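Going down the list, the sequences are from chains A and B. Count along the first sequence starting at 1, add 158, and that's the number in my numbering. Count along the second sequence starting at 1, add 87, and that's the number in my numbering.
You may find that some hints are simply not true.
As a list, the in silico DSS-like pairs of lysine-lysine whose alpha-carbon atoms are at most 25 Å apart [unchecked claim]:
(1) A/LYS651 - A/LYS487
(2) B/LYS154 - A/LYS478
(3) B/LYS100 - A/LYS487
(4) A/LYS247 - A/LYS295
(5) A/LYS487 - B/LYS103
(6) B/LYS103 - A/LYS293
(7) A/LYS638 - B/LYS154
(8) A/LYS295 - B/LYS165
(9) A/LYS651 - B/LYS154
(10) B/LYS165 - A/LYS478
Just so you know, these hints were derived from the structure itself, not from any lab. Since we're looking at a predicted model, the values are computed, not measured.
Each chain, letter by letter, is given below.
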Amino acid sequence: MTSIFPPALVFILGAVLIPFLKGRVKSVYMLILPIIAFLVLRGIPVGNYVIGQIMDKDLFLRIDKLSLVFGYVFILATFIGIVYALHVKESTEHTAAFVYAGSALGIVFAGDLITLFIFWELLTIGALVVLWSNKTKAAQRAAYRYIMVHLFGGVSLMSGIILRVVETGSTEFSFIGVSGLSSYLILLGVAVNVAIPPFHSWLPDTYPEASVTGAVFLSVFTTKAAVYVLARAFPGAEILIIAGVIMAVYPIFFAVLENDLRRVLSYSLINQVGFMVVGIGIGIPLAFNGAVAQVFVHVLFKSLLFMAVGAVLYRTGTAKATELGGLYKSMPITLVFTLIGAASISAFPLFSAFATKSMIISAAGHEGMTVVYFLLLFAAAGVFHHAGIKVPFFTFFAHDSGKRPKEAPLNMLIAMGIASVISIGIGVYPEALYSILPNTVDYVYVPYTADHVISQLLLLFGAFTAFSFLMYTGIYPPEKRSINIDADWVYRKAAPAVVSLIGSPIGRIYAWFARAVFETLPRFLAWVTKNPLAAMKIGTDTLLLPLSGGSKEAKKSLAREKAAYPGTVAQWSVSTALGIALVIFLAYLILLFI
Amino acid sequence: MKKEESDFFDRPKVRKALVVLFALTFIGLLVADFLLHKHSYFYWDGIPSFNAVFGLVGSLALVLIAKHLRRFIEREEKYYD
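So that you can see chain A by itself, here it is in the shape it has in the complex (with noise of 0.2 Å):
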């Protein structure tokens, strides 16, 4: 048992030893690390295994088919956005890069509920030093915001797991579902990371100001970590088809509106993660199959696309739609890389997508959810639009922007090369992908019957013709340098005037009361037990003064006791003392009896 090492460690313990080493040996350690965890992943028998001990609890390592499939892409994943990264000198990037992917690794590979939340917050904090190595002004900005939203992510999802903890006695990270407030809690933090709106803003207010290399991680794992969660914890529960419906429909009216090039692939990226997330909620075998499959070809071609518009910031210095446009003549490989990663998402035959997408639309169809059906349908052709079709077509076609920058870097092209083969691959081929998938079903799914490639292709055909249209007759809304609001404009704009709108009112009635209590009052209380006695007659004698019709005569006098308090204590007889404490007792006594 104790000879069990898990992979998320090879990561995150592999990661502190890259500040110290430079040039080549940096770079080939940081290629082996990733291989190093997939023969790690392979060395180890699917099982539960304890790693370790918290509290009395123990930790496990969970090695299962689902777990798997996650482990797998995110592996190559590392690799392949090292891979891309390798241009990059400094270290702070690559090493928090490795610990945000190694928590990644952690979280799918969890076999309870501790060890969770351990990589979950180690997840942020690695993601959040990735968002921060882009040392822009901006960056550092929407970094704060990042860790704002997550830590109220994790501080829901801990209240669960403990309030969980303490229901069933038991730390096993399996299935939850939805029933009870520990349940609720932790798919509100997990909700977090899935991006569901209106959680969802942090995504495009954060990944568009990572570095050219850090989006690229980025859009791999907090999302699809949070994925797994759901697959493990949450399938068949009815809220996430509507929830996912929303994410694949939602985002893709501020993709087509965007113009930072970016921010219309993280919308994109919501937009694929609501296929996920509907394919769990159905949770029939197919569904969910769909969704794990849709997972691993969505981390290839999404981050395909970050690359090749990575790529294109890299050499021109922006990523908005406004400034590019023309590239096709001094970019050809990036071009053709983006077509390929354009063509997966958008599920053209022969691309990865296709063969995965439909098992999610297919099950909804099957299962007779009408609108479901079509709402995807729509956010089908919808991705084609934006991604598909907007990417490409404003980058490299357009209206020329005169910029004929040089070709993407030569490891660049060898990671998005990497990506577009295997999106390749799995179109041509997908019952390699088929066969490491989690659900064992009866019947095999097969993408390419004639039916499937012809409706297919009208749809993204009917799609493409009226983005010609639109084009052509100069509908289409223009490109502008402007920027869109999204739910994010709660806490960035209207949080703050709310709070100065309701806080100075507040705020100057919380300082009046203040003064009274801490500070009228006390002392008032310190004047009088100076000398009771004549604090009690200037008392008397200024409410008494009014009514004497304020004789010049009567204000001196007052103002003299003023002057001269608080003079001379009465020295009272301990025989008076005695008098006026009988008469209390007396009074006292009275009371009692009457």
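Since chain A is already given, all that's left is putting chain B on it; use the hints.
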């Protein structure tokens, strides 16, 4: 960059050829779709060329709704600074 700059997609002939190729493929697909016996989940998605119309209308709706949405959500780039 000093070498021959490709203007392949700017040539009118190439553009025309691409449009014709696209149109012919589209027509071919529509014909094939009409002849094919389709497996459908609901009675209307079995109608020939349903997906083509759905893709066309859906995309038009998407862009037009987004265009109107812009009036409410568009802000200048410095809005949050």
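Going through the hints against the structure:
no. : hint                : verdict
1   : A/LYS651 - A/LYS487 : violated, 42 Å
2   : B/LYS154 - A/LYS478 : holds, 18 Å
3   : B/LYS100 - A/LYS487 : holds, 17 Å
4   : A/LYS247 - A/LYS295 : holds, 21 Å
5   : A/LYS487 - B/LYS103 : holds, 19 Å
6   : B/LYS103 - A/LYS293 : violated, 46 Å
7   : A/LYS638 - B/LYS154 : holds, 12 Å
8   : A/LYS295 - B/LYS165 : holds, 13 Å
9   : A/LYS651 - B/LYS154 : holds, 23 Å
10  : B/LYS165 - A/LYS478 : holds, 15 Å
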